[in-house]
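Enquirer: Protein chains in written order, with this note's numbering: chain A, 1 to 287; chain B, 1 to 119.
These are calculated hints, taken from the structure and not from any lab test.
If you're wondering where the values come from, they're calculated on a predicted model, not measured in any experiment.
Be a bit skeptical, because a hint or two may be false.
Pairs of lysine to aspartate or glutamate, EDC-like flavour, derived with a Cα cap of 16 Å [claimed, not checked]:
1) B/Lys101 with A/Glu204
2) B/Lys3 with B/Glu49
3) A/Lys162 with A/Asp67
4) B/Lys41 with A/Asp116
5) B/Lys3 with B/Glu59
6) B/Lys3 with A/Asp67
7) A/Lys261 with A/Asp217
8) A/Lys162 with A/Glu204
9) A/Lys49 with A/Asp67
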Amino acid sequence: MATVVAVIASTHHPFYYRASTATGADRPPFADEWVSKIETFRETLTNAKPDVLVMVGSDHFHQLWLDNMPQFLVGKAPFFDANWHNEEREFGLPRMRLQGQEDLSAHILRHGLDADFDLAFSNELRIDHSITCPIITLRPDADLPIVPIYTNIFAPPLPQPKRFVQLGRTIRQLVESWSENLRVAIIGTGHLSLELGGPRQFGEHGPDPEFDRKAVDWIASGDIEGCLAEVTLDSLHQPGNATHGFMDFMLMMGVAGEGAKADHVDSLDLFHTMEAYFTWYPNGAPR
Amino acid sequence: MSKYLLDKFLFTVDRDPELVERYREDPAGTVEWWEQQMANKLLNCTVTERSTWLAFTEEERTALREHDHVTLFEMGAHPFLTLTLFIAMFERDHGPLEYQKTYGAMMTHLTLPYPDIAT
Numbered sequence: 001m002a003t004v005v006a007v008i009a010s011t012h013h014p015f016y017y018r019a020s021t022a023t024g025a026d027r028p029p030f031a032d033e034w035v036s037k038i039e040t041f042r043e044t045l046t047n048a049k050p051d052v053l054v055m056v057g058s059d060h061f062h063q064l065w066l067d068n069m070p071q072f073l074v075g076k077a078p079f080f081d082a083n084w085h086n087e088e089r090e091f092g093l094p095r096m097r098l099q100g101q102e103d104l105s106a107h108i109l110r111h112g113l114d115a116d117f118d119l120a121f122s123n124e125l126r127i128d129h130s131i132t133c134p135i136i137t138l139r140p141d142a143d144l145p146i147v148p149i150y151t152n153i154f155a156p157p158l159p160q161p162k163r164f165v166q167l168g169r170t171i172r173q174l175v176e177s178w179s180e181n182l183r184v185a186i187i188g189t190g191h192l193s194l195e196l197g198g199p200r201q202f203g204e205h206g207p208d209p210e211f212d213r214k215a216v217d218w219i220a221s222g223d224i225e226g227c228l229a230e231v232t233l234d235s236l237h238q239p240g241n242a243t244h245g246f247m248d249f250m251l252m253m254g255v256a257g258e259g260a261k262a263d264h265v266d267s268l269d270l271f272h273t274m275e276a277y278f279t280w281y282p283n284g285a286p287r
Numbered sequence: 001m002s003k004y005l006l007d008k009f010l011f012t013v014d015r016d017p018e019l020v021e022r023y024r025e026d027p028a029g030t031v032e033w034w035e036q037q038m039a040n041k042l043l044n045c046t047v048t049e050r051s052t053w054l055a056f057t058e059e060e061r062t063a064l065r066e067h068d069h070v071t072l073f074e075m076g077a078h079p080f081l082t083l084t085l086f087i088a089m090f091e092r093d094h095g096p097l098e099y100q101k102t103y104g105a106m107m108t109h110l111t112l113p114y115p116d117i118a119t
């Protein structure tokens with residue numbers, strides 16, 4: 001059976017690629033510290049020696065649109081092209097192509113449906129920076145097959161936070177019931193407090209550092225109950241108008257499990273938004 | 001009011017580099033052309049299969065014609081779509097992050113709860 005060798009939750013900052021590759025006067029003052037933290041974070045995945053990556057993210061109005069909007073969608077294809085014109089334009093992200101793991105996609109779809117998640121699917125999915133950012137930070141060689149899973153954190157009406165947690169739990173069970181003897185890492189990215197297109201955007205810090213501190217504590221300690229007691233679809237408007245992306249972190253808390261303390265926790269206070277990185281080793285830290 | 005159609009305008013213009021330039025240089029002409037030719041186009045269908053009922057209100061036309069991102073926000077247009085397109089059109093005229101900060105500063109009169117963006 002497959003083994004979940006690492007569970008990883010991260011912010012996905014589209015500026016990292018440009019900041020980390022910039023030189024001379026173009027290199028921002030925070031780049032070296034950021035790169036150092038990312039390299040340490042990357043080792044937590046490398047050390048787990050994964051064969052396959054399940055990647056949870058959210059399409060930012062690239063392929064999924066309001067005329068036909070799924071809540072949860074699994075990509076099932078032999079390949080996934082990646083990154084879009086406006087991500088190239090605004091963030092300098094490179095075009096990429098990732099290999100798919102169709103057998104695991106099919107397994108998650110079939111058994112996810114049987115577990116009461118009416119998952120949508122796509123056989124031709126071009127993925128965006130919510131999935132390529134963690135590839136760039138955690139697996140820059142992009143050499144492992146993936147199963148992309150998209151959630152709707154973007155186009156209301158959205159699923160409730162508890163559904164993200166439940167889906168995370170289900171994804172963990174589905175991966176562990178896959179018959180292949182392979183090592184799987186489950187990686188998901190979201191946001192802490194974030195404002196896009198509103199008055200609180202691009203400040204000195206994220207729009208709500210107090211929310212960020214609490215969010216990091218919930219995730220690091222696996223406090224799903226405490227998090228669910230405070231976080232609602234309405235409450236997530238308060239820390240910033242794009243903070244519903246936090247529900248992808250809640251999904252990853254569901255993958256890691258109630259009370260599961262993260263083995264690696266790090267954060268970086270940047271302008272506009274706080275970065276945060278978490279790794280759990282369900283079967284103990286690799287030696 | 002059609003938040004969906006505002007979003008559809010922002011979405012379809014943003015993803016087409018020629019349309020981004022056209023909307024930057026000739027907003028009134030682009031909005032008029034888009035409403036006539038594109039508003040009822042089903043994005044995932046052949047050109048002959050069109051919708052028949054989508055149109056802007058005069059207030060929406062005006063906000064789009066005037067590149068008025070504050071009013072678009074107040075109307076409940078999706079802030080991510082507006083921001084992404086407006087950065088594509090106007091960041092080039094400003095220093096690093098200057099446009100993004102000015103964009104936010106023009107909205108400081110707005111308080112929570114923000115306008116509903118559900119479509």
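Enquirer: For each hint, tell me whether it holds in the structure or not.
Expert: Do the hints match the structure? See the list:
Only pairs whose Cα atoms come within 16 Å are accepted, and B/Lys101 paired with A/Glu204 is accepted, the gap being roughly 10 Å. The hinted pair formed by B/Lys3 and B/Glu49 fails the criterion: a straight-line CA distance of about 22 Å is larger than 16 Å. Under the criterion of a C-alpha separation no larger than 16 Å, the hint pairing A/Lys162 with A/Asp67 is inconsistent with the structure, at around 26 Å. For the given pair, B/Lys41 sits about 35 Å from A/Asp116 by alpha-carbon distance, which is inconsistent with the 16 Å threshold.
A C-alpha spacing of about 12 Å is found between B/Lys3 and B/Glu59, which places the hinted pair at or below 16 Å, so the restraint holds. A C-alpha spacing of about 13 Å is found between B/Lys3 and A/Asp67, which places the hinted pair at or below 16 Å, so the restraint holds. About 10 Å separates the Cα atoms of A/Lys261 and A/Asp217, which keeps this hinted pair within 16 Å; it holds. Pair hint A/Lys162 plus A/Glu204 does not hold up; C-alpha atoms about 32 Å apart against a cutoff of 16 Å.
Between A/Lys49 and A/Asp67, the direct Cα distance comes to roughly 40 Å. Violation of the 16 Å bound is thereby established for this hinted pair.
Of the numbered hints listed earlier, those contradicted by the structure are 2, 3, 4, 8, 9.
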